[in-house]
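Number of protein chains: 4
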Amino acid sequence: MISFASDYLEGCLPEVLQRLIETNAEQSVGYGEDEYCRSAREAIRRHLDCEADIHFVVGGTMANAMVIRHVLLPHQGVIAPESGHIAVHETGAIEAGGHKVLTCPAANGKITAAQVEAVVQAHRSDFAREHTVQPAMVYVSQPTECGTLYTKEELGALHAVCEQHGLTFYIDGARLAYALASGSDLLLSDYPRVCHVLSLGGTKCGLLMGEAICFFRKTLAGDFRYVMKQSGGMLAKGRLLGLQFLALFENDLYVRAAGKAIGCADRLRRAFSAAGFDFAFSTGANQLFPVLPPAAAKQLKTQFDFEPWQTLPDGRVVWRFCTSWATTESQVAALEDALLTIVDT
Amino acid sequence: MISFASDYLEGCLPEVLQRLIETNAEQSVGYGEDEYCRSAREAIRRHLDCEADIHFVVGGTMANAMVIRHVLLPHQGVIAPESGHIAVHETGAIEAGGHKVLTCPAANGKITAAQVEAVVQAHRSDFAREHTVQPAMVYVSQPTECGTLYTKEELGALHAVCEQHGLTFYIDGARLAYALASGSDLLLSDYPRVCHVLSLGGTKCGLLMGEAICFFRKTLAGDFRYVMKQSGGMLAKGRLLGLQFLALFENDLYVRAAGKAIGCADRLRRAFSAAGFDFAFSTGANQLFPVLPPAAAKQLKTQFDFEPWQTLPDGRVVWRFCTSWATTESQVAALEDALLTIVDT
Amino acid sequence: MISFASDYLEGCLPEVLQRLIETNAEQSVGYGEDEYCRSAREAIRRHLDCEADIHFVVGGTMANAMVIRHVLLPHQGVIAPESGHIAVHETGAIEAGGHKVLTCPAANGKITAAQVEAVVQAHRSDFAREHTVQPAMVYVSQPTECGTLYTKEELGALHAVCEQHGLTFYIDGARLAYALASGSDLLLSDYPRVCHVLSLGGTKCGLLMGEAICFFRKTLAGDFRYVMKQSGGMLAKGRLLGLQFLALFENDLYVRAAGKAIGCADRLRRAFSAAGFDFAFSTGANQLFPVLPPAAAKQLKTQFDFEPWQTLPDGRVVWRFCTSWATTESQVAALEDALLTIVDT
Amino acid sequence: MISFASDYLEGCLPEVLQRLIETNAEQSVGYGEDEYCRSAREAIRRHLDCEADIHFVVGGTMANAMVIRHVLLPHQGVIAPESGHIAVHETGAIEAGGHKVLTCPAANGKITAAQVEAVVQAHRSDFAREHTVQPAMVYVSQPTECGTLYTKEELGALHAVCEQHGLTFYIDGARLAYALASGSDLLLSDYPRVCHVLSLGGTKCGLLMGEAICFFRKTLAGDFRYVMKQSGGMLAKGRLLGLQFLALFENDLYVRAAGKAIGCADRLRRAFSAAGFDFAFSTGANQLFPVLPPAAAKQLKTQFDFEPWQTLPDGRVVWRFCTSWATTESQVAALEDALLTIVDT
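Protein sequence lines, in the order shown, are assigned to chains A, B, C and D. Numbering-wise (the numbering used here), the first sequence opens with residue -11 and increments by one. Numbering-wise (the numbering used here), the second sequence opens with residue -11 and increments by one. Numbering-wise (the numbering used here), the third sequence opens with residue -11 and increments by one. Numbering-wise (the numbering used here), the fourth sequence opens with residue -11 and increments by one.
Among these hints, one or two may not hold up.
Any copy, or any two copies together, can satisfy a pair, since identical chains are not distinguished.
As the list claims (entries may be wrong) - When the alpha-carbon atoms are kept at most 20 Å apart in a straight line, the in silico EDC-like pairs for lysine to aspartate or glutamate are as follows:
1) K140 - D37
2) K140 - D254
3) K248 - E14
Just so you know, the hints here were simulated from the structure itself, not pulled from any lab data.
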């Protein structure tokens, strides 16, 4: 059984594993203060072209919860798309930290600067203010949970409205490598100009685990290590994260590995289209959301693993197929062949 | 200037004030363990016809926050109408206690048993469960924030779906007296049969301050005094709350005082209609939501205080007018007169 | 039965009650934005001789929890005497808000600047820092829970060490009136010079309920109304608190009423001494802590209510007797008489 | 430079690394629901001789915070030694979850059943109860933070007092392997009989990272996966933890690897004693706490890394030396040689 169910099915990139093997017997200080973490931070800063404050944590839910808890005051909330990861799939981690997620309707998983402006204005009306949660942050994912991409202009507009109203703009880059490799009009070095905090995902982009949280304003980064320790997010053997991120960023591995996934996704996109299937969202990254009739889904399920994403108002079912840095030519070819068969039936 | 801006503009009913005056010099033990609190609990139990566990707290936001924090486990959330007080006007108090409010669209401020069932089923799907907040409670207000009333059948259906799925059903009765006096088909003694926890509001129904939280299941009430003290909701001079609730419930004052407000509201309802104005919600309780043209609103504002409630999609503005136990005949007459004038213009 | 069990046994001062009676039928806006609250704030500012930002809340536990939650960041803690109210008698309200109380041993209920310095230094050592809670606030009560008083010099030293290390110094004045009336070397107008935040207790000093929180630094006060609303501490009929504090502070009632209690306490202090009983703490305010043999305690219990405070290492029991603004000459005389009898036996 | 500064300086045991290498390219479902996690749970259950409910999480602070948050109600607290990890070195993680740590003085890092009984009784007195945090759990570490070991009798007594009063007894086994290998009178299979929840540490006992939380009562385990996800403690590539624990427990590697560390520690214990140095605590596990004069410490620091633990009242400094599964014969020999030199000087 070949699985396209997610992009965190395998271990890690061979280059990453090799680093862990080579350094296994070394002794180093803990909690992210070792040489490998230092070098990894330097490597990432070079790619960002920015003196960012960078911290490594184990996972994405934790990264989101820590950043939001660190930046917001108790009476403040975070604006997010209603399909945003923090709004839907983190078991209330943000609320457990004391903060309301102020959701906006999100066509294709994206929100706009105008929506943010509207939330801010509504809060400032006479009958809201201190009786309601104060919006103080905007959260989006790039690419979104629907596989769509924000353009440079869209992120710039969100950044501008945040700057105007004193909100912190946080981009969750759990799958950012796939955005960078997708023909997006933003380079990694553009991000410090369009947001205040960025997470660079490792788990879904070739590492065993790990996210790098990048603060682009010194004031936001202060004392973040306390928050990491308190949240249980400071890894004792912190070098394990440093080593892995160093392997990704000391050269172009981060985007290169994602590029392979995008190539595979493009082939599958063409194959689904050729087989006559529509997509629920028009995506350019590593996730595909074809609408499959029950018979087709059933037939593919005999050979492949993939997950239902949602049921449309008309009853049709949207499925998610992911490629990743680990997807092989033969896995793609097998699905292409299967789709040809479906066409024939 | 006469104000119809809310139902908590004045002090308290004369009968309540008299009690405070008479007992002012008495010594009594604190924290709600005095004789007046005991008698007040007994009086309320007689009206409820139920051996409820009853606790007195100072305010409504606190009451909601404490009940929800006490009943839910950290990973659980509460289902509520999107217009519910806990979802909108408590500055994130529920989230500050760690819990997500799972909102449902709410025509006229009300949610249905079918909506609750849908939230529960969605949570149980393979791709939700522990990645999402577990629904464990339903919150509604009677009357709702839009002044509408749930029928006995509607509350019964909500109760049934809660029982079926093990959810706790909590009714926020901040204005319950007005529902009871409005020709609702539920008596106070019906509530222990249709919900598990009920708050009986005093602040908006004739007391200086105070809500009585009534638990209809012993298991829910255990250790609630700890939660009250921890939340800062256990009044040192607890007898002040007991005395006031005793004055309301030792006879029929609770519903009787509200009845006067309903009479006033009915007169105003007729006067607005006669003046040709529509209502945004069809209400039977003490709140009216007329849609007023700018000129009419401006003219009324010269004599009366009242608040904007919302702007309709077509740009028209809905205003809120409240009557209360303290509304006088002459106040109502003044507004009736003013509405006649508007008609004439 | 005459009770000396606490200083919150009765209702309120006659002057305060009169105000509530006179204004009962008036209409006013809610949530502390009315004229009475405004006037009360002005009156308190005159007494403080300082442009303080002042907020009224219902109770003391709530006041402490809100101030601490508002001032601290998630990874910060508050230094307090081990006998401090927040450390012992608030059911973990501070921890429920997410913060550790860093307790210091406290002879007679008081901590010193040297102790604060030591906590700060310990935290800064290489093996503490982000692995431990960051001290960011100092909490003391004046008078303390043991009835003792800080001198101007002691508070000045605590203030200096706080200023030096960037800590916020908060004084819980739940019983401050009794300190002011006790021959303390601090006037109310001295407090803005020795601390950053002060609560002025009303509940134990002649009001039905209420504490006034005074911020002496604008930066600390920002957005506090959000915290009040979120914590359920913003009273709907806010004028009730304003009216009461206005009655206390528009003239000298606050200290004058407390003065009566101190006179009564002084008489009882002499009576206990004359009867041959020692005190566990040497106090000047309205609480007395005599060490009573079982027979004496038993005999007094037939006529009076009072509470055990602690058991000394040698097995003897310390009891607490409180006087208050409401204590009468005849109540004091009755206890004096009873103590004379005990001497005779 | 050879480091004895901690027991988490290196990567992982070769057998563990081998497993990660062999399985790197495999696809498996996430979040701990894969075959390796299932097998690892089975292997641990065989060692425990108990049908425990077992969950894998990344780190120890997270494990403690999640277990305590899951088991306690909002108004409850956890009793712990004042030197316990949760009380000192977790940056207030337990308080951030809303709970007070009720500390007891702890000679040699250990608390007794009598101390627990005293805390429970104090809470039940008339003037404590709902004004104070309700003790509902006992936390101890085995071995303790001071390297000492609880005997079977001591743990049995703690278990008995917990059972009697309905408290949950949780043992933090971050270094349990070293206790098991130290001639402790408890086997792993004894633990389900002496506590209700146990964490089995991997990070300090040969894994890259990971702790196994074992619930010995089904009622305690319910819905724990929600808490894990909400806390950010559910690893996406969960098999990484399963694989590592499987390598430790499919045979005797867990205790065998720790045995080597104990052998090294014993040699160093003799070497320090021979050099004339005392120990602050009498330990049998992998941590040594020699009291070193400044000159000796300085000389050793030229060759070795190790950390100060505390300063004794008489001014002498206690240092900590750790051995681990990774300590080599030559590292031990080097320190033995250095200690011989110090004797000669």
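We went through each hint and held it up to the structure:
1. Taking the shortest Cα distances, K140 and D37 sit within 20 Å of each other inside one copy (17 Å), while across copies they are farther apart (55 Å).
2. Taking the shortest alpha-carbon separations for K140 and D254, neither the intra-copy value of 22 Å nor the inter-copy value of 57 Å comes in at or below 20 Å.
3. In this assembly of identical chains, K248 and E14 lie within 20 Å of each other by CA distance solely across copies; the values are 18 Å between and 33 Å within a copy.
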